[in-house]
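A.B. asks: What follows is each chain in one-letter form.
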Amino acid sequence: MSLVELKNVVKRYGTNTVLNGVSLSVEKGEIIAIIGRSGSGKSTMLRCVNGLEPIQGGTVAFDGTVVNDPATDLRKLRQHVGIVFQSFNLFPHLSVEKNITLAPKVVKGVPPAEARALAEAVLRKVGLAEKIDAYPDQLSGGQQQRVAIARSLAMQPQLMLFDEITSALDPELVGEVLKVLEEVAREGMTMMLVTHEIGFARKVANRVVFMHEGKMWEQGPAAETLGRPRTPELETFLSAVLH
Amino acid sequence: MIRELSFIDVLYLIAATRWTLALTAIAFLGGGIVGLAVALLRVSSLAPLRWLGAIYVHAVQGTPLLAWLFVFFFGLSIFGFTVSPWLAAAAAYSIYAGAFLGEIWRGCLQAIPRTQWEAGASLGLGFTQQLRYIIVPQALRLAIPPTVGFLVQLIKNTSLAAVIGFIELTREGQLTTATTFRPFTVYLIVAAIYFALCFPLTQWSRRLERRLHVAR
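Chains C and H, in that order, give the protein sequences. Under this note's numbering, read the first sequence as residues 1 to 243, first letter to last. Under this note's numbering, read the second sequence as residues 244 to 459, first letter to last.
If you're looking for bench data, these hints aren't it; they were derived computationally from the structure. In this text, all values refer to a predicted model and were calculated from it rather than measured experimentally. A virtual CB, placed ideally from N, CA and C, is assigned to each residue, including glycine. It is possible that some hints are incorrect.
Claimed, not checked - Here are the simulated lysine to any residue pairs, SDA-like style, with alpha carbons at most 20 Å apart:
(1) C/K98 to H/Y376
(2) C/K108 to H/R375
(3) C/K105 to H/W360
(4) C/K203 to C/Q219
(5) C/K108 to H/G369
(6) C/K105 to C/P157
(7) C/K98 to H/V379
(8) C/K105 to H/G369
(9) H/K399 to H/Q373
(10) H/K399 to H/A258
(11) C/K98 to H/L256
(12) H/K399 to H/V253
(13) C/K28 to C/S2
(14) C/K76 to H/A258
(15) C/K215 to C/G39
(16) C/K108 to H/Y376
(17) C/K105 to H/P380
(18) C/K108 to C/R75
(19) C/K125 to C/V174
(20) C/K98 to H/Q373
(21) H/K399 to H/L256
(22) C/K7 to C/R207
(23) C/K108 to C/Q158
(24) C/K98 to H/T371
(25) C/K76 to H/T371
(26) C/K98 to H/L374
(27) C/K125 to C/M189
(28) C/K105 to H/E361
(29) C/K76 to H/Y376
Stated by the list, open to error - Just so you have them, the derived chain H footprint on chain C, three or more residues with Cβ under 8 Å:
(30) 10-23
(31) 100-107
(32) 115-121
Start from the sequences and build out the full structure, keeping to the hints where you can.
C.D. replies: Put into structure tokens, the structure is as follows:
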């Protein structure tokens, strides 16, 4: 059974159809890069996986649980599906430690001392152990994004979603975040990442999914799909982003 | 009988100020409880609850406080309920302050970006946990200046309670004027006392506001 299974997913905002019958399955341990123009529905699709976006048709399943079933406890599901956003979305009133430990403490009931150790561990992973007592506004964009990744990792999710996490960063800060992503990938995390970093996708992803006009237009092994696009749309897209 | 205005009258005015303060405290406390409920209704994810909150706010903001005082004090007695002035004042002021505080606090809650709710939800926090740990602590900082501002309004508006028999600061001033026939001096003293209550509050609020601008 696939870890993530999207079947004919339809998402509309009013009369505007953003996802028009998207099907995709993700196996455990896979790293999927989702590329496409802005407005092609790639971020929306990602947000459907953890139930942030309600859908109008089809099904989204995670580990056998139907995400779009109203009876599904999304809180429980989200403990296993981490997401990192383009705009970091750290909690500005909390220190780095509290940002990371809030959910483990409140949602999972991890005792405070253990939570602190957990925060130290995930911060070491993203190379920011010394920032544990800092506040988000004292960190650079790249550091904030790495804290956001650490915060997500602290919940020990089975799947991580990355929604254009380097798009809001200054170019010189992109590298440090991608390095952390690679590190997470190396540890065997199942990942779905929406990205504009084609080079990174080629290097890290097992599979590339190209979204176009709310549809899954083309997909396949990363190097092959990016190297020899089969559809003119992907070809046009790639030549636009690579040049 | 007309007599001279003396120091003792000033003391009486200051003594009457305690009712002004007591009314303010009751109004703020009752209004705070109602306001909290209204603010939560207004940000609820269920549309009927939001409408309920909106109807309440519009109804109360569109009617005079004086009318509410009359309704509770005189209105209910027509139906055979005896309502003490304290109870009538507590009810009327809670309803009134609740609508305004609710609206102020709703604004503060909504000023927190939706992405903060999303970040909390994505970590598995429920609605009340998101409110308690993420939204309210941030909204609180925004809420302090306008809340203090409203408190100042409230202090001055407690004078309306005179119509249902409270001898608070303004009413005491009227009574003093009646016996001394020195309205100008008396009301100047009354104004000075109000000022002494309100000015430190507005200053404090300004200081908080300045501090919030530099803080995150």
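A.B. asks: Now look at each hint and say whether the structure bears it out.
C.D. replies: Hint check results:
1. Between C/K98 and H/Y376 the alpha-carbon distance is near 10 Å, which keeps this suggested pair within the 20 Å criterion.
2. Among the hinted pairs, C/K108 with H/R375 is consistent with the structure: their alpha-carbon atoms are about 16 Å apart, no more than 20 Å.
3. Restraint check: the Cα-Cα separation between C/K105 and H/W360 comes to about 18 Å, which is no more than 20 Å; the hinted pair holds.
4. The suggested pairing of C/K203 with C/Q219 holds, with an alpha-carbon distance near 16 Å, which does not exceed 20 Å.
5. For the proposed pair C/K108 and H/G369, the alpha carbon gap of about 12 Å is at most 20 Å, so the pair holds.
6. At most 20 Å may separate the alpha-carbon atoms for a hinted pair to count; C/K105 and C/P157 meet this at roughly 15 Å.
7. With a CA separation close to 16 Å, the supplied pair C/K98 and H/V379 stays within the 20 Å bound.
8. Note on C/K105 and H/G369: the hinted pairing holds, with a Cα-Cα distance of about 13 Å set against a maximum of 20 Å.
9. Restraint check for H/K399 and H/Q373: the C-alpha separation of about 36 Å exceeds 20 Å, so the hint is violated.
10. Between the alpha carbons of H/K399 and H/A258 the distance comes to roughly 16 Å, so the proposed pair stays at or under 20 Å and holds.
11. Of the pairs offered as hints, the one joining C/K98 and H/L256 is violated, with about 51 Å between alpha carbons and a cut-off of 20 Å exceeded.
12. Only pairs whose Cα atoms come within 20 Å are accepted, and H/K399 paired with H/V253 is accepted, the gap being roughly 19 Å.
13. In summary, the hint linking C/K28 to C/S2 is supported, as the alpha carbons are separated by about 7 Å, within the 20 Å threshold.
14. This hinted pair does not check out: C/K76 and H/A258 have alpha carbons roughly 59 Å apart, beyond 20 Å.
15. Note on C/K215 and C/G39: the hinted pairing holds, with a Cα-Cα distance of about 11 Å set against a maximum of 20 Å.
16. Using a Cα cut-off of 20 Å, the hinted pair C/K108 and H/Y376 holds, with the two alpha carbons roughly 15 Å apart.
17. Distance hint between C/K105 and H/P380 is fulfilled; the C-alpha atoms sit about 17 Å from each other, no more than 20 Å.
18. For the suggested pair C/K108 and C/R75, the alpha carbons sit about 11 Å apart, so the restraint of at most 20 Å is met.
19. Under the criterion of a C-alpha separation no larger than 20 Å, the hint pairing C/K125 with C/V174 is consistent with the structure, at around 17 Å.
20. Simply put, C/K98 and H/Q373 have alpha-carbon atoms about 14 Å apart, close enough for the 20 Å limit, and the pair holds.
21. In summary, the hint linking H/K399 to H/L256 is supported, as the alpha carbons are separated by about 15 Å, within the 20 Å threshold.
22. Restraint check: the Cα-Cα separation between C/K7 and C/R207 comes to about 18 Å, which is no more than 20 Å; the hinted pair holds.
23. Between C/K108 and C/Q158, the direct Cα distance comes to roughly 15 Å. Compliance with the 20 Å bound is thereby established for this hinted pair.
24. This hinted pair checks out: C/K98 and H/T371 have alpha carbons roughly 18 Å apart, not beyond 20 Å.
25. A C-alpha spacing of about 15 Å is found between C/K76 and H/T371, which places the hinted pair at or below 20 Å, so the restraint holds.
26. At roughly 16 Å between alpha-carbon atoms, C/K98 and H/L374 fall within 20 Å of each other, so this suggested pair holds.
27. For the hint linking C/K125 to C/M189, the alpha-carbon distance of about 14 Å falls within 20 Å, and the restraint holds.
28. Proximity of C/K105 to H/E361 is assessed by CA-CA distance (about 18 Å); at most 20 Å being required, the pair is judged to hold.
29. Using a Cα cut-off of 20 Å, the hinted pair C/K76 and H/Y376 holds, with the two alpha carbons roughly 18 Å apart.
30. For the stretch 10-23 of chain C, the stated coverage by chain H is violated: 0 residues have a C-beta nearer than 8 Å to a C-beta of that chain, whereas at least 3 were required.
31. Look at the stretch 100-107 of chain C against chain H: 4 of its residues bring a Cβ nearer than 8 Å to a Cβ of that chain, three or more, so the hint holds.
32. Under a criterion of three residues with beta carbons nearer than 8 Å to beta carbons of chain H, the stated coverage of the stretch 115-121 of chain C fails, only 0 such residues being counted.
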